[in-house]
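A.B. asks: For reference, the chains in residue letters:
2 protein chains.
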Amino acid sequence: MGGDIGPRVTIPASIKALEQDPMLSVLLFGDSQQILPLLENLSSALQERIKVCHCTKVVDNSQDLSYALRHSKGTSMRLAIEAVQKGEAQACVSAGNTGALMGLAKILLQPLKGIERPALVSLIPTINGDRSVMLDLGANIDCSAQNLYQFALMGAIFAESCLGLVYPRIALLNIGIEEIKGHKSIREAATLLKQNPALNYIGFIEGDLLLNGKADVIVNDGFAGNIALKTLEGAAKNVISLFKGHSTLNKTNHICKFIGRWFVKTFLLKGSFQRLRQINPDQYNGATLIGLTAVVVKSHGSANIDGFAYAILDAAQQARYNLPEKILAGLEK
Amino acid sequence: MGGDIGPRVTIPASIKALEQDPMLSVLLFGDSQQILPLLENLSSALQERIKVCHCTKVVDNSQDLSYALRHSKGTSMRLAIEAVQKGEAQACVSAGNTGALMGLAKILLQPLKGIERPALVSLIPTINGDRSVMLDLGANIDCSAQNLYQFALMGAIFAESCLGLVYPRIALLNIGIEEIKGHKSIREAATLLKQNPALNYIGFIEGDLLLNGKADVIVNDGFAGNIALKTLEGAAKNVISLFKGHSTLNKTNHICKFIGRWFVKTFLLKGSFQRLRQINPDQYNGATLIGLTAVVVKSHGSANIDGFAYAILDAAQQARYNLPEKILAGLEK
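Protein chains in written order, with the working numbering: chain A, -19 to 313; chain B, -19 to 313.
FYI, nobody ran anything at the bench for these hints, they're computed from the structure.
Quick caveat: nothing in here was measured; it's all calculated off a predicted structure.
Careful, some of the hints might be misleading.
For identical chains, the list gives no copy identity; a pair is met inside one copy or between any two copies.
Claimed, not checked - Straight-line C-alpha distance at most 30 Å; calculated BS3-like pairs for lysine-lysine:
#1 Lys164 to Lys86
#2 Lys37 to Lys194
#3 Lys161 to Lys37
#4 Lys194 to Lys217
#5 Lys37 to Lys174
#6 Lys31 to Lys93
#7 Lys217 to Lys93
#8 Lys31 to Lys174
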């Protein structure tokens, strides 16, 4: 029940997801006084697929991470992850603090065997209508060469499983394509990737080619990945808002609306599981914490109802797809 | 005479700059056998403002930086910087290797008193038609809190001098706006910035708001800055190329061309010295190495003729404007 807006978004989003996915049922962790009024007018069929687990405590965003984790007992985020740990739920979705979600998920759900650090992974659209896998998007701000190498491994399996790709092309995000460019960790990760013939490592990629489909898997530390993804989102959002009706556009408003719709459509991003998402970050929401023994999906803190519903549907599909088991099997190969 | 394309771009660009700026004269460092044929049909008035300084050696991009610097004697890049050092030229423009340019400029031209590390600075356009100053854009990939603090100081003086701003708003690029977010160096730089009442520090900024004019000066290490800038450039380039004629757009081609032109116009970036530049990186070229005792401008390696001409004109204006002296005076205040 975290996120920037809270139950006013997450409850209608949950209802929307239940309507769209008839096999889904949800446990809602949060303040029942806030939640129950939002469920009042539902059909009994939908009511039966919702269980409200009352709690009032939330993870404290203003404290540093280790304090927040030490004092997380009884928070909605921790209870939701514990429900997955106990097998009461098959996936957890949260719009709360990324660091706390990662920290609690690592403690309670454990990383997969051999994985030092789980990572945040998402799909990004490409100009030719395909999608690329990008990780880490903010879970690990400092990464060793070994971490980056493991992200590449997991990203490749994710691309194979979710996008159906064979021998996906892997690139490391860097500030140049020459071998001498970038942080030592990136250069060493390149060496590790080259040594594994099972991986299709194609070299460094720069920020200007992120949308060009040059690589199927783009690997970076969480700081660079978060900066790049948010910069892309901001650029897309600005362009869309310009087309929706910039003040200087009054004269050409009907054309702009047309082009705006076309732009959104051109950049349509097919979800990893046959759903459509848009590059517009309002509509394109949910990054998976990959490398854990269970499915955990992080929603944007500021996601709207559609966005949070997408994250829930995505989590459900990943659980049905046994994504963690698929990753583990791929790692063991 | 470096850069990805060489004299075929840099010579026509120099001629273009000479035509546009009647006070300008240029020294061209490179292979006279390649350069002289490109100058043959020029008027004698233009010929008189060009001096060709023959050399055939170039900085070796394939070697690591320290090797390249040790073996730089007699290269076109080093000779050009030495000309500035000797007072034969007032500014140096290069499309060569950024690291080598920074390294040689630091050795030969020296950083300004009190500046540990010069930085690459450029202007970025904002959605409301203004501009923001952004630094570092790739000269220093690892930065201490003190480095970032000095970048903020120099960026603020640059914004005051070149954009005419009073008390420019300074922000640090980060992956969240909460105080606990990001690398330790960024958090410590925030503390340093808050302690200086002469600086208008407004907090962290995320990648999605880079174009929104929330800050006049955006400060980051060279790795994050380079990733963010190139990502912005790539997004803009892709949108523009889509509007120029995507295969799916044939039916709406005339509308798209119209909107494409409008987009480029809306994102027009007024140059720091009353010239217009576009967000399209082909047209928007030249970052200044700020914090040195003389003017050094780095062009994109892949700049076209217009782009390289812009970089030359910009360097000339900065030299006339005594930008290094202005930065020094600001630092001493």
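A.B. asks: Please write out, lowest number first, the hints stated earlier that are contradicted by the structure.
C.D. replies: The structure conflicts with hints 2, 5, 6, 7, 8, although it agrees with all the remaining ones.
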